[in-house]
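Undergrad: Please construct the entire structure, taking both the sequences and the accompanying hints into account.
What follows is the residue order along each chain.
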Amino acid sequence: MSTDSEIIRRSRDTPAAFAELYDRHAAIIHRYASRRIGEAADDIMSETFLVAFERRAAFDENVMDARPWLYAIATTLLKKHRRQEARAWRGLVAGGAAEQADADQDAVNGHDDRLDAAIGIRRLATAIRRMPARDRDALLLYAWGDLDYEGVARALDVPVGTVRSRLNRARRQLRQESGRNAPAQEVEHGHESGRTDTAAQGA
Amino acid sequence: MDTNQDELTLLRKVRDDVAEPSRAALNAGRAALLDAAAPAVAKPVKPRRGLKRAGWTTLGVVAAGGLATALVLGNVIGLAGWRGGADPAAADSLARAAAAAITTSDPVVGPGQYLEVSTRAVYASTGESGTYLAHQDGQMYIPADHNDEWVWVRDPETVAKTFGPASEKQAAEDAPAAGPGEVVRAAKGAFYNGGPMDWGFDGLPRDPHQLLNYIYRARAGQDVSPDTAAVRFIADTLRTGVVPADLRASLYGALAGVPGVSISDRAATLDGRTGVAFGRDEGNGLRQEIIIDPATGLMIGERELVLRDGVLPGVPVGDSMGWTAVTTTVVDSAPDGGTLCGTGMLPVGPVGGGQCAGAGK
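Top to bottom, those sequences are chains A and B. Per the working numbering, residue 38 is the first one in the first sequence, and the count goes up by one each step. Per the working numbering, residue 1468 is the first one in the second sequence, and the count goes up by one each step.
Hint data in this document are derived by calculation from the structure and do not stem from the laboratory. Some clues are possibly wrong.
Stated by the list, open to error - With a straight-line Cα cutoff of 27 Å, these simulated DSSO-like cross-link-like pairs (lysine-lysine) come out: (1) B:LYS1636 x A:LYS116; (2) B:LYS1636 x A:LYS117; (3) B:LYS1628 x A:LYS116.
As the list claims (entries may be wrong) - Not the full set, but computed from the structure, chain A residues with beta-carbon under 7 Å of chain B: (4) MET82; (5) ALA180; (6) LEU211; (7) ARG212.
Each residue gets a CB set at the ideal place from its N, CA and C atoms; glycine is no exception.
TA: This is the structure in C-alpha cells:
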C-alpha cells in the first residue's frame, strides 16, 4: 500500500490521485469535526481536502502520514465554528444534550460502554469548555484525533515540548474536576503507559 | 474495572458514537475534490523536496526526552543530582522550609472531627470572544476515620477578573453555563461513585533524592521539560492540602534538587497570605511557582505566571493564568446534605464503578 506521502507526490503530476487520500482519511476528519461541532462536519470534511489539495506542494515529503497535516487544516477551519462548539460544550454542561439523553437511556438498558460515558460528563465538559482554545486543541487532537505527541506538534505547528506542556495543563484541569488531583495516583494506577513512552522516544 | 478511571479514557468516550459521514456527503466531498483537481492537470505543481520543518526537533528536546526515557531507571540512580540543583539561595530557603515543615506538626483530627481542606482556585477561561479568570472554590471535609462519610462543598463558579471589553463579553456569555455549585457526599471519599480516595502518598519515597528520581520517572516524557514536569508534580501534590509533614519536607528537598529552580518572589501574596515563591522559568513565557510560608513550612499555594505578551491572548504580563491557594483546619462538623453524584446525578452500575448518570429524565 502506498504511504500518504507517495499519494501526494503522485498527485503532483496526476491531481486526481489525491482522491485516494480522501478515501483513506475523509471519515476520520469527519468524525473529529463531528465530535467537536456536530452538523457542519460535512463541510469541514470537504473543505479540509480542498485546502489540502491546493497546498499539496507544501506537504513535507519526508512525513509518511498525512493525518497531522489534515488535522492541522481541519483545526484551522474549525476555528470559524467556535460559537457552535462552545454551544455544544455548554449543552453537555447543562445536561440537556442528546449525548446525555443517550447515555441515560443506555444506562437504563445496561450498556456498559455508554455508562462510562455518563460518568460526570458534565464535569469534563465544564473543564474543557473553559480551558484556553490552544490547550483544548492539543487535548482533543490527542484524545480524539488519536495522534501522538509528535503528531499533535505537527498538527499545531509547535514544538513537541509545547504540546507536552499544553496537554499537561489540560489534563490537570480535567483531574481537578474529579477531585482526584494527586499525581501519585496516576503512577500507582499505571495510567501513563505505552503512548507516552513512544512519544518520548519519538521526541 | 479500574475504579479510578482516568480523565483521558473518559474523554475518549465522550461523543464516541457520532454518526459516520453519509454516503451522500462522502460522494459530494469527493466530487468537489475531483472538480478542483481537474483544471489543475494542465499545470502540475512543482515539488519542494526535503522541506524541513525547522525548530521542533531541536537537540534540546531530543536530549531531554532521551534522558527522561533512558536514565530514569530507578529511584536511586536517575536524573536527580548530577545535573546540579536549584540555585543556592532557593536551595537554602527550601531546606529551612523543610526543617520548619518537620517541626510544625500536622493538625490532629480527633474522633468525630473533620479536616477541612479549603481550596480557592482561579483558572483562565477562554472562548470565542476573549479570556477571563474564573473562580471555583471548594471545601472538602475529611472525617477522622477515612471510612466515614466525606463531604465536598463545591461553590458556584464566579468571575474572578476580566481584562477589558472582550474579556467581559466572554465572561457574560459564559455566565449562564457557569457551574452552579453542589455538595457531594461519599463514604471513603468515593465522590461521584468512584473508588475510595487514596492520594498514593504511602508509595512515595521520603528521601528527597529518591523522591525526585521517582518524580522524574513518573513524569517521563511529559510537559515541556523533565524539570518543569517535576515542579508541576510537586505543586500538584502539595496543593491537595493533605500532604503529611514528613512528605512535605521531602517534596521541598526534591524541589531543591531541580536545576533552574530559583526564588522568583520573596514576598509573593496569594489569597491574602504572603510567602516565598519558588519557580522555574522554562522560556516558554510561563512560570510555574510554588509559594511556601517560610515560618511554618506550609504551602500557601501555587500559580502560573504569564511572563511574555501574547502567551495567553488578552492576559497581561505579570498576571497569572491560574492559581490555587489551600488552607487546612480542623473542624467539629461538616455541612449537611449532598449526594454521592452531586446535583441532578445518580449513581448507576456497580458501586464504586465511577458511574453517575443524569437523574429525573
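Undergrad: Decide, hint by hint, whether the structure agrees.
TA: Each hint tested on the structure:
no. : hint                 : in the structure
1   : B:LYS1636 x A:LYS116 : 18 Å, holds
2   : B:LYS1636 x A:LYS117 : 18 Å, holds
3   : B:LYS1628 x A:LYS116 : 25 Å, holds
4   : MET82                : 5 Å, holds
5   : ALA180               : 5 Å, holds
6   : LEU211               : 4 Å, holds
7   : ARG212               : 6 Å, holds
Every hint from the earlier list agrees with this structure, and none is contradicted.
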